[in-house]
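2 protein chains.
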Amino acid sequence: MKRIAILGSTGSIGRSTLSVVESYPDRFEVATLAAGKNTELALEQALRWKPRVVSVADESDADALRARLRAAGLPEIEVVHGAAGTVRVATHPEVDFVVSAIVGVSGLEATYEAVKAGKTVGLANKECLVVAGELITAESHRQGKPLLPIDSEHNAVHQCLRGGRLDEDEKVDEVDRIWLTASGGPFLKTPKSEFASITVEQALNHPTWKMGKRITIDSATLMNKGFEVIEACRLFHMPPERVQVIVHPQSTIHSMVEFVDGSILAQFSVTDMRLPILYALTYPERIPSDLRFSVMDLRHLDFYPPDMAKFPCLRLAYEAATAGGAQTIALNAADEVAVAAFLERRVGFDDIPRIIEQVMTATPAAHLESIHEVLVLDTEARLLASEMVEQRRQKGSPIRAIS
Amino acid sequence: MKRIAILGSTGSIGRSTLSVVESYPDRFEVATLAAGKNTELALEQALRWKPRVVSVADESDADALRARLRAAGLPEIEVVHGAAGTVRVATHPEVDFVVSAIVGVSGLEATYEAVKAGKTVGLANKECLVVAGELITAESHRQGKPLLPIDSEHNAVHQCLRGGRLDEDEKVDEVDRIWLTASGGPFLKTPKSEFASITVEQALNHPTWKMGKRITIDSATLMNKGFEVIEACRLFHMPPERVQVIVHPQSTIHSMVEFVDGSILAQFSVTDMRLPILYALTYPERIPSDLRFSVMDLRHLDFYPPDMAKFPCLRLAYEAATAGGAQTIALNAADEVAVAAFLERRVGFDDIPRIIEQVMTATPAAHLESIHEVLVLDTEARLLASEMVEQRRQKGSPIRAIS
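Same order as they appear, the protein sequences are chains A and B.
Last residue of the first sequence: 403 (this note's numbering), numbering continuous.
Last residue of the second sequence: 403 (this note's numbering), numbering continuous.
Check before you lean on any hint, since a few could be wrong.
No copy labels: a pair is met if it fits in one copy or bridges any two.
To be verified - No more than 30 Å apart at the CA atoms, straight line, and that leaves these computed lysine-lysine pairs for DSSO-like: (1) 310 with 192; (2) 213 with 395; (3) 37 with 2; (4) 2 with 50; (5) 171 with 145; (6) 116 with 2; (7) 2 with 171.
Quick caveat, the hints were computed from the structure, so don't treat them as lab data.
Turn these sequences into a full structure, and let the hints steer you where they fit.
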C-alpha cells in the first residue's frame with residue numbers, strides 16, 4: 001500500500017490524483033492532503049479520504065475545518081495551515097509518495113522539504129524545476145530517490161529514456177537529445193505582423209487542451225514549451241542545446257528521445273492527466289488502466305520546426321536555461337506578471353516577451369543556495385516586471401488602442 | 001572485443017554487418033564467416049577479415065578457396081563446407097555473437113545449434129521464427145541468452161519493450177499489445193477487383209524498400225507482415241490477437257508497443273539495416289553512430305487499419321500463428337512456392353493466397369520436436385504447393401490469359 005500526500009489536492013492535478021487513488025483502492029491510500037483557499041472541497045476530501053493530516057491556507061479556515069471534522073466524528077484528523085502546514089503534509093512520516101501539484105512558487109518549499117525527507121516525489125509543479133531545479137534535483141540525487149514528472153511531455157520523456165541505460169551516477173546516458181512536442185498554440189499560422197493585435201479572447205482559445213488562463217497564454221506564446229525545455233534540462237541533466245522543440249499540432253506524440261545510435265523512441269497515449277499520475281505512482285511498475293488510446297484511429301500526424309523569431313519567449317527560455325540560476329527565476333516571474341497584465345488588457349500580446357527580456361536583462365547573474373534565496377529573488381523579479389508593465393502601459397500599446 | 005560469426009556473410013545483411021564491424025574496429029572482430037555460392041566475395045571477405053573459419057556451400061568451392069587462401073599466405077584459415085560447415089561457423093568456441101542472416105530454411109539448423117551452444121544470436125533469418133520459432137525460443141530460454149531481432153520491426157518492438165518490465169521468467173510483461181507497422185505495399189489503394197490482373201512488374205514495384213524479389217512480392221500481398229506477426233508472437237511470447245498490424249505508408253515508425261496502462265511507445269530511425277545490426281551487437285548498450293534520422297524533417301505520418309479482406313495472406317498468417325507447429329511451416333513453404341510460380345507468370349497474384357490456403361488445409365496439425373522434423377514437413381509442404389500450382393495452372397488464371 002503506497003501512502004500518498006497530495007500538495008494541491010483541490011486543484012486539477014490533485015483531483016485527478018484522487019480519481020486514480022479511487023480506482024486502485026488496494027494499491028494506494030491518501031495519507032495527507034494540502035489544499036489552499038477552497039476549504040469546502042478540502043472538507044469534502046477529508047471526509048471522503050480520512051487523511052492523517054489536512055492543511056489549508058489560512059488559520060481561520062483551519063479552525064473552522066477542524067471544528068467541522070470534529071462535528072463529523074473525525075477529531076483524529078490533524079488540521080494545519082499555511083506554508084508550515086504544507087510542509088507538515090509533505091514530510092509526514094507516514095507518507096511514501098508526494099504529489100507536488102500546487103501552482104506557483106508557493107509549492108516550492110514543501111516540495112523541497114519532501115525531497116529532503118527522502119520521499120519519492122511526483123512533480124506537477126512547474127516552478128520546482130524552472131526556478132529551483134538545480135537545488136531540487138541536487139537534493140533528490142543526494143537522497144537517491146526518483147523525481148517523477150507528472151506532465152505529459154516529461155512523463156513521455158521519462159518513459160522513452162527507459163530505452164537507454166543510465167550512467168553509474170544514475171544520470172541519463174546514451175541520449176543524443178530530447179524532443180519536446182509543442183501543439184504550436186492558436187497562433188501557429190498567424191503572421192508575426194499580426195501578433196501586436198492579438199486579443200485576450202484569441203489567445204485563450206487553445207486548440208488542444210483546456211487549461212488555466214496563465215498556462216493557456218503561455219501555450220500561445222510558446223513560453224510554456226520554453227519552461228518545459230528548462231524543466232527537461234534540470235530533470236534529465238541535459239544541456240539546453242540537447243533539448244529541442246518540434247511543433248506537432250495534434251499533440252498525439254507527447255515527446256521523444258533520440259539516442260546516440262540514431263534510434264528515436266516516442267510516447268503517446270490519451271490526453272488524460274491520470275495516465276502520467278498513474279505512471280508516476282506505480283513506477284517502475286505499470287498496471288492496467290482503462291485510459292486507452294486507439295492506435296487504429298491514429299490517422300495523420302504532422303510535425304514542423306518551431307519559428308523562434310515568431311515566438312521569442314521560446315528563445316528567452318533557452319537563454320535562461322543556459323544561464324541558469326537567477327535568469328530562470330526572472331523568466332518565470334516576469335512571465336507571470338506580464339501574462340497577468342495582458343489578461344487585464346494592460347499590455348499587448350507581443351509585449352509579453354519584451355517585458356520578460358527587460359527583466360532578464362536587469363537581473364544580475366546569481367547562484368542560488370536555498371529556497372529562501374530563490375523566493376527573495378522571485379519577489380524582486382516580480383516587482384521589476386510590474387515596473388516594466390507600468391512603463392509599457394504608459395507608452396501605450398496597439399492592443400489598448402483597439403480595445 | 002565481441003567475436004562475431006556471420007551466417008550469410010555475402011548477402012545484404014551479412015555485408016551490412018561487416019560494414020558495422022568495420023566502423024567499430026575496437027569493439028568487434030569477425031571470428032567466422034559462412035557464405036554460400038558466392039565464393040569470389042567469400043574469398044575477398046576472408047582476405048580482408050582473416051576469420052578463424054570460413055564456410056561455403058560446396059566441397060569443390062571449399063577446396064578452391066582453401067588453395068587460394070594458402071597461396072595468399074593464410075593457411076591458418078580453416079575452410080569448411082555445406083550444412084556441417086555452417087554449423088561449425090555458428091558454434092565455434094571463439095564466437096560470442098552469431099548473426100543469423102542466411103535466407104530460407106537452410107539457415108535453420110546452424111542457428112538452432114548456435115543457440116544450443118549458448119551463443120547470443122542476432123536473428124535476421126525469418127524462417128528461424130516462422131517455421132521453428134517454438135523450438136528456437138524454447139532453447140534460447142533454456143540457455144538464458146537473448147535472441148535479438150535484426151529487422152526493423154522486431155528491433156523496434158525490442159526497443160519499445162524496454163519501457164516496461166519483464167516477468168520473473170524474463171518474458172514480456174506489462175504489455176497489452178504489439179503494433180507492427182506495414183507500408184501497405186504497392187496495392188494499398190488498388191481495388192480488390194483488380195488483384196487478379198496485377199502483373200509481376202507492378203508487384204515488384206515496392207514504394208519504400210528495395211529488397212529481393214520474394215520479399216517484395218510478400219510485401220505486396222502483406223504476407224511479409226503476416227510472417228512478422230508470427231515472428232513477434234514467437235519472439236515476444238505473445239498470442240496472435242495481441243500482435244496487431246497498422247498500415248503506415250511512410251514506414252517512418254518501425255513498430256510500437258502498447259502497455260497495459262495505456263501508454264504507447266513507438267520507435268523510428270533511418271531505414272538502414274546497419275542500425276538494428278548495431279543495436280543487436282551492442283545490446284544492452286547503445287553506442288554513437290552516424291545513422292541519423294532528422295526529426296525536424298518528420299513532416300507527415302499517416303496510419304490506416306489494414307484491409308484483411310483485400311489481403312487474405314495476412315489473415316492466413318494469423319490463422320497459422322494461432323494453430324502453430326505444422327501450419328506456420330505450411331504457410332511459409334506454400335508462400336515461397338506460390339510466389340516463385342507468380343514470378344514465373346505461372347499463376348496470378350490472387351492465386352498466391354489461394355494456393356497457401358489449400359496447402360494449409362491439406363497439412364495435418366503436428367507438434368514438431370526437432371529441426372529435422374521441421375525440414376521434413378517443409379519439404380512435404382513444398383511438394384504439396386507445387387501440385388497446387390500445377391492444378392491452378394491447368395485451370396488457367398486471368399494473368400496468364402493477359403500476359
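Quick rundown of the hints versus the structure:
{"no.": "1", "hint": "310 with 192", "in the structure": "within (6 Å within a copy, 49 Å between copies)"}
{"no.": "2", "hint": "213 with 395", "in the structure": "within (26 Å within a copy, 73 Å between copies)"}
{"no.": "3", "hint": "37 with 2", "in the structure": "within (27 Å within a copy, 63 Å between copies)"}
{"no.": "4", "hint": "2 with 50", "in the structure": "within (15 Å within a copy, 59 Å between copies)"}
{"no.": "5", "hint": "171 with 145", "in the structure": "both (12 Å within a copy, 28 Å between copies)"}
{"no.": "6", "hint": "116 with 2", "in the structure": "within (19 Å within a copy, 44 Å between copies)"}
{"no.": "7", "hint": "2 with 171", "in the structure": "both (26 Å within a copy, 26 Å between copies)"}
Every hint from the earlier list agrees with this structure, and none is contradicted.
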